[in-house]
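> Model the full assembly from the supplied sequences, consistent with the hints where possible.
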Amino acid sequence: MITGHQPADALMKALRREHVSYELFPHRHTETALAEAEALHEDPHQVAKTLILRTPYGYVRAVLRAVDRLDLEKARIVLRTEKVELASEEDLVGAYPEFELGAVPPVGGAYDRVLVDQRLFDRRFVLFEAGTHDESIRLHTGDLLSLAEAEVADLAEEDHGQEG
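In the working numbering, the protein residues as written are 356 to 519.
Simulated from the structure, these hints should not be mistaken for lab results. Each hint should be verified, as a subset may be incorrect.
[Claimed, not checked] Quick list of the computed label-pair ranges, beta carbon to beta carbon:
hint, residue 1, residue 2, range
1, Val375, Arg435, 29 to 35 Å
2, Glu437, Phe380, 35 to 41 Å
3, Glu512, Glu437, 16 to 22 Å
4, Gly497, Asp446, 28 to 34 Å
5, Gly449, Tyr412, 15 to 21 Å
6, Glu513, Gly449, 33 to 39 Å
7, Leu427, Gly497, 24 to 30 Å
Even glycine gets a Cβ: it sits at the ideal position worked out from N, Cα and C.
In structure tokens, the structure reads:
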């Protein structure tokens with residue numbers, strides 16, 4: 356399929372419009388944020404993934420570290436509705452035409468409510484897919500928050516697997 360734009364264009368346009376400095380990193384094709392971290396030789400605690408939630412009010416982007424899992428109950432509390440679920444690929448076909456399916460970044464394209472997990476703020480910078488499975492963006496974590504007009508929330512499952 357050939358389109359008139361590259362998947363990262365909508366994101367780059369938003370970054371330039373807001374005068375946000377960023378770095379673009381090409382890498383091998385990856386399907387998960389953990390694989391993206393590995394391809395970039397980066398700490399997966401610094402790489403973010405964007406999950407799309409389906410709610411009665413439309414889509415919501417939930418942004419978590421690559422190592423974390425979304426706690427849907429916490430998302431329901433933050434969003435104040437019981438009707439919250441992960442959007443399926445079938446739901447998302449055509450929903451974000453400016454990005455590759457499964458590579459929606461936290462910002463750019465359609466305006467959605469954005470929730471950013473509080474654990475991302477342990478790091479000064481964050482990396483995430485640039486709307487494609489083979490490019491990533493690094494920017495200041497604070498810039499992500501302001502650019503996305505994001506709400507910071509506790510969204511990740513607690514890690515009960517650690518001993519101590």
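> State for each hint whether it applies.
A quick look at each hint next to the structure:
{"no.": "1", "hint": "Val375 to Arg435: 29 to 35 Å", "in the structure": "30 Å, holds"}
{"no.": "2", "hint": "Glu437 to Phe380: 35 to 41 Å", "in the structure": "39 Å, holds"}
{"no.": "3", "hint": "Glu512 to Glu437: 16 to 22 Å", "in the structure": "18 Å, holds"}
{"no.": "4", "hint": "Gly497 to Asp446: 28 to 34 Å", "in the structure": "31 Å, holds"}
{"no.": "5", "hint": "Gly449 to Tyr412: 15 to 21 Å", "in the structure": "19 Å, holds"}
{"no.": "6", "hint": "Glu513 to Gly449: 33 to 39 Å", "in the structure": "35 Å, holds"}
{"no.": "7", "hint": "Leu427 to Gly497: 24 to 30 Å", "in the structure": "27 Å, holds"}
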